[in-house]
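4 protein chains.
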Amino acid sequence: MKKVAVLGATGLVGQTFVRLLENHPWFEIRYLVASKKSAGKKFKEFAAWRVSDHLGETEIKSLEEFIKNPDIDLVFSALPASVAEIVEKKLAEKIPVFSNASAHRYEEDVPILIPEVNKDHLELVKVQRKNREWEGFIVTNSNCSTAILNLSLKPISKFGITRVNVATMQAISGSGFRGISAMQIFDNVVPYIEKEELKIENESRKILGMLKYNHVIPANFGISVIATRVPVLYGHTEAIFIELEDDLAKEDLIKAFDKFDPLKKYRVPSSEKPILYNEIPQPKLHIDSGRGMSVTVGRLEKIGNKKFKYIVLGHNLIRGAAGGSILNAEIAYKLGFL
Amino acid sequence: MKKVAVLGATGLVGQTFVRLLENHPWFEIRYLVASKKSAGKKFKEFAAWRVSDHLGETEIKSLEEFIKNPDIDLVFSALPASVAEIVEKKLAEKIPVFSNASAHRYEEDVPILIPEVNKDHLELVKVQRKNREWEGFIVTNSNCSTAILNLSLKPISKFGITRVNVATMQAISGSGFRGISAMQIFDNVVPYIEKEELKIENESRKILGMLKYNHVIPANFGISVIATRVPVLYGHTEAIFIELEDDLAKEDLIKAFDKFDPLKKYRVPSSEKPILYNEIPQPKLHIDSGRGMSVTVGRLEKIGNKKFKYIVLGHNLIRGAAGGSILNAEIAYKLGFL
Amino acid sequence: MKKVAVLGATGLVGQTFVRLLENHPWFEIRYLVASKKSAGKKFKEFAAWRVSDHLGETEIKSLEEFIKNPDIDLVFSALPASVAEIVEKKLAEKIPVFSNASAHRYEEDVPILIPEVNKDHLELVKVQRKNREWEGFIVTNSNCSTAILNLSLKPISKFGITRVNVATMQAISGSGFRGISAMQIFDNVVPYIEKEELKIENESRKILGMLKYNHVIPANFGISVIATRVPVLYGHTEAIFIELEDDLAKEDLIKAFDKFDPLKKYRVPSSEKPILYNEIPQPKLHIDSGRGMSVTVGRLEKIGNKKFKYIVLGHNLIRGAAGGSILNAEIAYKLGFL
Amino acid sequence: MKKVAVLGATGLVGQTFVRLLENHPWFEIRYLVASKKSAGKKFKEFAAWRVSDHLGETEIKSLEEFIKNPDIDLVFSALPASVAEIVEKKLAEKIPVFSNASAHRYEEDVPILIPEVNKDHLELVKVQRKNREWEGFIVTNSNCSTAILNLSLKPISKFGITRVNVATMQAISGSGFRGISAMQIFDNVVPYIEKEELKIENESRKILGMLKYNHVIPANFGISVIATRVPVLYGHTEAIFIELEDDLAKEDLIKAFDKFDPLKKYRVPSSEKPILYNEIPQPKLHIDSGRGMSVTVGRLEKIGNKKFKYIVLGHNLIRGAAGGSILNAEIAYKLGFL
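Chains as they are written, first to last, in the working numbering: chain A, 1 to 338; chain B, 1 to 338; chain C, 1 to 338; chain D, 1 to 338.
FYI, nobody ran anything at the bench for these hints, they're computed from the structure. Any given hint could be a false lead.
[What the hints assert, rightly or not] Distance condition first, Cα-Cα at most 20 Å in a straight line; then the derived EDC-like pairs of lysine to aspartate or glutamate:
| hint | chain 1 | residue 1 | chain 2 | residue 2 |
| --- | --- | --- | --- | --- |
| 1 | C | K306 | D | E243 |
| 2 | D | K302 | C | E243 |
| 3 | D | K68 | D | E85 |
| 4 | B | K44 | D | E279 |
| 5 | D | K307 | C | E59 |
| 6 | C | K42 | C | E59 |
| 7 | D | K334 | D | D261 |
| 8 | C | K42 | A | E201 |
| 9 | C | K307 | C | D261 |
| 10 | C | K44 | A | D288 |
| 11 | C | K158 | C | D247 |
| 12 | B | K306 | A | E201 |
All of these numbers come straight from a predicted model, not from anything done at the bench.
Take the sequences, apply the hints, and build the full model.
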């Protein structure tokens, strides 16, 4: 069993990490870490939502204390970007960091990892260690909407993606416990999420890019996103219009989605069939598919020569955040990076 | 004052007709008409939502009775398509019919009218009268999402639209009083609305088409729609990706939206500035702009050579249904068709 | 293993029966039964919400066919009251019927059973068999709000209840899949549910009544209910004001709630600690407590001499419907009535 | 025209003050005042919700600046209680203050005024001036739920109220723009609002108390409240159980509600018939009745000897806050206190 710490454990993503790690076969929570003002309190006091029973009595350790002597094997970070910026680097000198924060995603030697999509990018870890003289490393997962989108794009990418237009309908939980007030989003659609569109666009090009000579050459398809917030608790829905180099039939695409299962042979604890097909994907019906790790694709139609439209839906906190990061650690472990 | 009847007066669109006509300067409600089972009851018994006070005491007349002797000047129809199919034709033999039903939209000599966009299509009324030997005629308004979309497309169309991809986020009220159960849509996004996508695609091509030799040559740009239902009561939000023949700057488009006001000179009672620009259009803040007759455009960005994305939002029951139909009648009156 | 059928299996309560019975240690689903128009289709086609995977392929049997030859050991009924009226009696001639319908609740020899509260009322089954010359019998569970309320009242009843005033805030799911339209309840509170208040009042007096000489003498405390519907999917919340014969301290009542566990010794599969105490009971946090079989009490305060107020919350479909009925069957089995 | 300032103008109650005062026949907004960090900005920047068009360009003045030289005739205060505590007293030395804050409600010489209920309590203003040697004074309005409740209690009070039990279902807007996060209240009922129950209980006894020898003798009926928050934007619904000294018929109470209109003779701008009766009061249908100043009573039933239950519903921001305060100022003006 690897000993792990969850940083930012009191937030919504942090608590999802705790829930998913509670009975994990490989990773054992040693520390729940949060800011100074939470230190010393029990986890259950913060777990105002979706409480984990077993770990409720665990005392929160302050980040300050923790980094003095992080006697663990790896770290999961749900820290805010501004805190992650410094702390994750410090920790990575000694320990592998699997981060949900955006702070280091755009650095050249840091992979944005979605194992089903670009597990070869894990090689960047070696570059990172060499560049920075670290014993540990940083592996980030992508923005939640990016993860869901790119799982659906990967099996299509072999037909040559030239352009993707995406309209997202994102859940409230994507903004944390207190990120959105009820007065703002109740009976409303808010077609703006700060920095979200740019994140999805840039991260997608990096994730689908090619690893070559120790760095990633971004994929060069066109991608534009309109990100909206809708009054739904969990589950990001994305409406996608895509243009390809090859012409093919709807059935070819459905087959590509269905056959896509690149982690099958590795049998890591959190891996599931990545894409399920259902005619009308809906948060209420499908976000928990594959324990929240599968995305659901549906409404696929050919809309012209080399053009398709479809819907993809996934669990923003599991597939798009904590679950994705844990899968990253599992595959890193399996492939000998830990 | 022209005497009018509202057919299908007890439904959600019917009641919106009543509310908007209540103090209309040109049209005076003479009959509220609905199915046999509602006949004889007072309007207020049906007006379970958003009751009109003045007309609450009016007795509902049965459609059967009404069509025997429709002693009025024009008809507003919010009938279901299957009923409208026969009844509207029968009435149009003698009386102008302004219909919100989809039944006749796709007939060659029937205009789908959005006065700010294609008021010249009103000429089809003459063709219709000649073809069918009618004294009256049928003018339809478009599907609610189509109306909102096409108001935003019209000022852009002079730059040559080659392709439009649209993801709609449509309000619950678009499906009528009892169309969607709370269990279906609460905390959910449903990316499917029966026939909606095809309606928007086909109607848009006809509305933006050119009237030539007594019929409309559909506009030949590509258009694809993904229609979703979101948990919002009123107001359809649409995320739009558009490709043009000309290259231009974001500012050129904003100017085109701002200058667009083709009905200004006619001063009919329901006309308003058709497009308002607001950075983040939201149902809660903007659906009542221009008494529900203005759509709100925002989030406009250039996303590549000749490519733009933007949001358009409008009131589905007013601009997209009853209000649009009343505007059709007003402009028909102003232009001498009544 | 007892072979069971679920009648009305396609509705919301019916599907909850199926879900809870799927891996039951004593009961095995043999038939899923519904109306003629559903017959022959697979269960998964109806399971538009919360689909059960295992049983999805099961073919629905028509009620008509089923009652011709009901070769099973017992029946769970989620039939509408009007259908239950006749069908349940017919079946009870041969087979035990555990019914969620209100049709027979008010008959003198039919128990309204909540095992933790009045399992002695099961004796009525013998009276019933004798009166009606049946081999089977009918055991009803109460209305959903009644069950949640009476679980909280039972441990208090030893202090002599003289009056109870209850305001309920009931979930949408209490009205079935299509019972309430989104336009009605969205952003609204509807303080009226047909017949609900009278049901809760009358059923409570019967449930807390005393079995004597083969019939139940209703408890004679005053009880008044105001029933409201609120925009929540699952979980009925009830605000309760209660007056007692004895004066006691808040702590005495909390102790009474805490010690209350009358089924502990029987160890039947669906029994859980019936009452949990949590300062602020909330649907989101607590409806799944005890697999949906525990109610949560909180906000208890003494508000005067012999007077208290508190909140009780429970899962309307599990504790208040299907789960309650299954517990009834389990306890009947354990006590030798099957 | 009296010149007025709105303190705390950028919050939800403050903005409601602005909206209601915009075209007021007696009061003219001279200053919009808020905290230092808002000062210098335009009102429209804050008016993220329900923007007032006319006043959008007005520059916010800082509270600090304002109190140096408050050259106005009266003040409406929507300040937070902690700020109101000091500032309102300071201002009242010179100027009448009509406050929505709870800070001074419980002082002996400060009236909690609901003009239809206790306009005679305005006499306390004279006591206040004498006690404190002020030229101005402070008149508070009650907590929002208190106002709605007491309007319904006043016409009943002549029959001798002995006990009132109230369960409130309060709207999100009662907690301000950012008071409640969407994650907390969405699909939930939260049966706890800080200090709310005590406020309603104590304020009601003072409001319905008798003015005698320069102070109010609190009414001595029993009152208990359970306050809950429900996912509704505007409108507090209250379920009420009441016990009286006299026995009477349901019709007597309905008549008492209907005849209740004590401000009729004064004809001040904001007064409306205070109580409307509707069988099923609902936020969506009735909160705007009487421009938000009327409460709606319904579901009245006799539930025993001298006992009744009913529902009362009102607009929390208008009747329960800004509108109530403006009515206070109007009646004070009419009666010569300004």
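Taking the hints in turn, this is what the structure says about them:
1. A hinted pair counts as satisfied when its Cα atoms are at most 20 Å apart, and K306 of chain C with E243 of chain D qualifies at roughly 16 Å.
2. Of the pairs offered as hints, the one joining K302 of chain D and E243 of chain C holds, with about 19 Å between alpha carbons and a cut-off of 20 Å not exceeded.
3. Proximity of K68 of chain D to E85 of chain D is assessed by CA-CA distance (about 17 Å); at most 20 Å being required, the pair is judged to hold.
4. Taken as a hint, the K44 of chain B and E279 of chain D pair is honoured in the structure, with Cα atoms around 14 Å apart against an allowance of 20 Å.
5. Taking the CA atoms of K307 of chain D and E59 of chain C, the gap is about 54 Å. The hint is violated against a cut of 20 Å.
6. Our distance criterion of 20 Å between C-alpha atoms is met by K42 of chain C and E59 of chain C, whose separation comes to about 4 Å.
7. The straight-line distance between the Cα atoms of K334 of chain D and D261 of chain D is roughly 17 Å, inside the 20 Å bound, and the hint therefore holds.
8. Distance restraint check for K42 of chain C and E201 of chain A: the Cα-Cα separation of roughly 43 Å exceeds the 20 Å cut-off, and the hinted pair is therefore not satisfied.
9. Under the criterion of a C-alpha separation no larger than 20 Å, the hint pairing K307 of chain C with D261 of chain C is inconsistent with the structure, at around 24 Å.
10. The suggested pairing of K44 of chain C with D288 of chain A holds, with an alpha-carbon distance near 17 Å, which does not exceed 20 Å.
11. Using a Cα cut-off of 20 Å, the hinted pair K158 of chain C and D247 of chain C holds, with the two alpha carbons roughly 12 Å apart.
12. A hinted pair counts as satisfied when its Cα atoms are at most 20 Å apart, and K306 of chain B with E201 of chain A qualifies at roughly 18 Å.
Checked against the numbered hints given earlier, this structure breaks hints 5, 8, 9; the rest are met.
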